[in-house]
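**Student:** What the sequence shown shows, in this note's numbering, is residues 1 to 598, in sequence order.
Bear in mind the hints are in silico, worked out from the structure with no lab data behind them. Here the structure is a predicted model, which means the values were calculated and not measured. Hints may contain errors.
Below, a list of computed lysine-lysine pairs in the DSSO-like style, where the Cα atoms sit at most 30 Å apart [unchecked claim]:
1. Lys226 / Lys463
2. Lys226 / Lys421
3. Lys421 / Lys463
4. Lys463 / Lys578
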Amino acid sequence: MSWLERAQRRDAALWAPALLAVGWMAFRLLEGLGLVWSLNPQYAYGWAVPVLCGYLAWQRWERARSETSSSVSPPGPSLVVVARPGTGPAASEGSTSWPTVASGLCAGGLALLYAAARLLQEANPWWSLVHWMLSLAFVGTVLWFLSGAGHLLRVRRGPGSRILDWRQFVFPVAFLLVAVPWPYTITEPVIQALARWNTTFTIEVLAWVGIPAVQHGNVIELATGKVGVDEACSGIRSLQGTLMLSLFFGEFYLLSVARRCALVGIGLGLALTGNLERTLTLTMVAARRGEEAIAAWHDPAGVSILLFCCAGVWWAAHALHRSTRPPPSPPRAPVTATQASSAAPSDPQTQPDPVGVGPAATRFTQRFGRAGMAWLLWVILVDAGVAGWYRWTERDLTPGPDWELHWPSDAPALQEVAMAKAARELLQYDEARQVRWNHVDGTSWQILFLRWAPGRAAGYLAKSHSPLVCMPAAGYPVESVSPVRLLPVEGLQLPYRLYRFGTEAGPVHVLYSRWDEGAARQSFSHETAGPWSRLSSVWMGRGSRGQRVLVVAVWGIRELETAEARLREELAGRLRVKLRPSGNSTSATGRLGDGALD
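Produce the entire structure from the sequences given, and follow the hints as far as they go.
**Tutor:** Structure, rendered in structure tokens:
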């Protein structure tokens, strides 16, 4: 067996544990991110990002290969480095030491970060903090192994050789982070600010052209109806999409840092301008043809803005690339007879072992292989430990009571309220019903019921609906939020929060409750107002049960205490408790004729 065959077999065994460990981490990461990419239209572009990462890495690899095999470097920054003396196989053990103390500590931190992320991910597959933890652990691990591979090449090739610089892969690997969902504390203020800005700008333009309009939060009231500036029209999707495209084209054309920053600024400007134009167009259509005409224009306007942003970012990147003056390439050095003879092909069977397989290189190779095996064992241990932990926490889960809702059937001014298309696309519920009626005392009432079937995405989708999101967007500012309280009904403890929102006609009070089907311990009962309440789910088990959201609102009561008492009384009278646990959850919508659940 020649040295080449031995080296190939040794390299295959060397890389296998590291590749398996990184591959499993990638699977876990994409499993969680795929949930968000599939369910949240705001991050639907995420499915293309891993493919773009692979393409950018391949582009760097091909360019580096052409640079290492040629004496003339292509235009742009160099992707290779020259191994310095003292880094070859004849170097001392100390000069080839890897991993160093610093890189070892970094690996330990990444291992702990991955373990913590996996523990939280099983119970909170929708939490943005978990996605960021897992993404950073994956990106850091890939770069850590690339660093080791770079050191290994230095040892094997010897001093003076041109080898690939592993740091050139930092951007292609880290590019995956553009598809990680932003924290809610960042996205929601940005969405609301963009929506208010679009609404205000549209109102001003309508005034210039002589169309009367009144602003109610993110809603524009016209003589022909109302136009709501929802999340899609706020510009957040275009903003994130153009950010991804700007970063991609900046790397694709290998622009300088200053030109990449300029490209990002151009992309953000295009996104904001396009969404302003979209909002204005839809509002003008509603003003001239009626509110019903918006449905025919909404999606085409969105596609047009998407194409406008993509084409604009590409054109700007191409223009910036063409205006870049590449540095002059150094002249090709003449090839001597000695170099030509050394570069001539030879038979591997007759060649001695190369210098890159000496004692120092062998020791380094063994350390690299042990590092890969340690990572593989760690990810296996972490996943086995996470599975065992949740099996232990869920071993004694006690089935809880079930309930059904008695809908009003003969109340004054009773009417069914259809769910908006944007809400259906965002929440993706399995069952829903919404009714509105008036009370004999002059108050107005509304009940909304949503249900999600059991599944890993149920908890994520249920938490996507909150009065703190929809009410301010409709022009109702938040005045107060209560802590979680309990409503006792025939042995059942229903957790709820009370919200108070301001309107021009007086406050509206909203009772909001979220229910885990078939569970005695309700996760909503232990939630606080802060995001760290999700940590409690680690001790409560995975949230894969069916979910229900119940919202009751009342208009016409000014005192907070009186409104809460009336809401509790109304809801307690409409809940029918079944203390015997049911195997299959009953239908939430019921029959419209009898006003009760089946």
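**Student:** So, for every hint listed, does it hold in this structure?
**Tutor:** Hints and how they fare:
The suggested pairing of Lys226 with Lys463 holds, with an alpha-carbon distance near 27 Å, which does not exceed 30 Å. Only pairs whose Cα atoms come within 30 Å are accepted, and Lys226 paired with Lys421 is accepted, the gap being roughly 15 Å. Of the supplied pair hints, the one linking Lys421 and Lys463 holds, its CA atoms being roughly 18 Å apart against a limit of 30 Å. For a cut-off of 30 Å, the pair hint linking Lys463 to Lys578 stands: about 25 Å separates their Cα positions.
The structure fails none of the hints (numbered hints given earlier).
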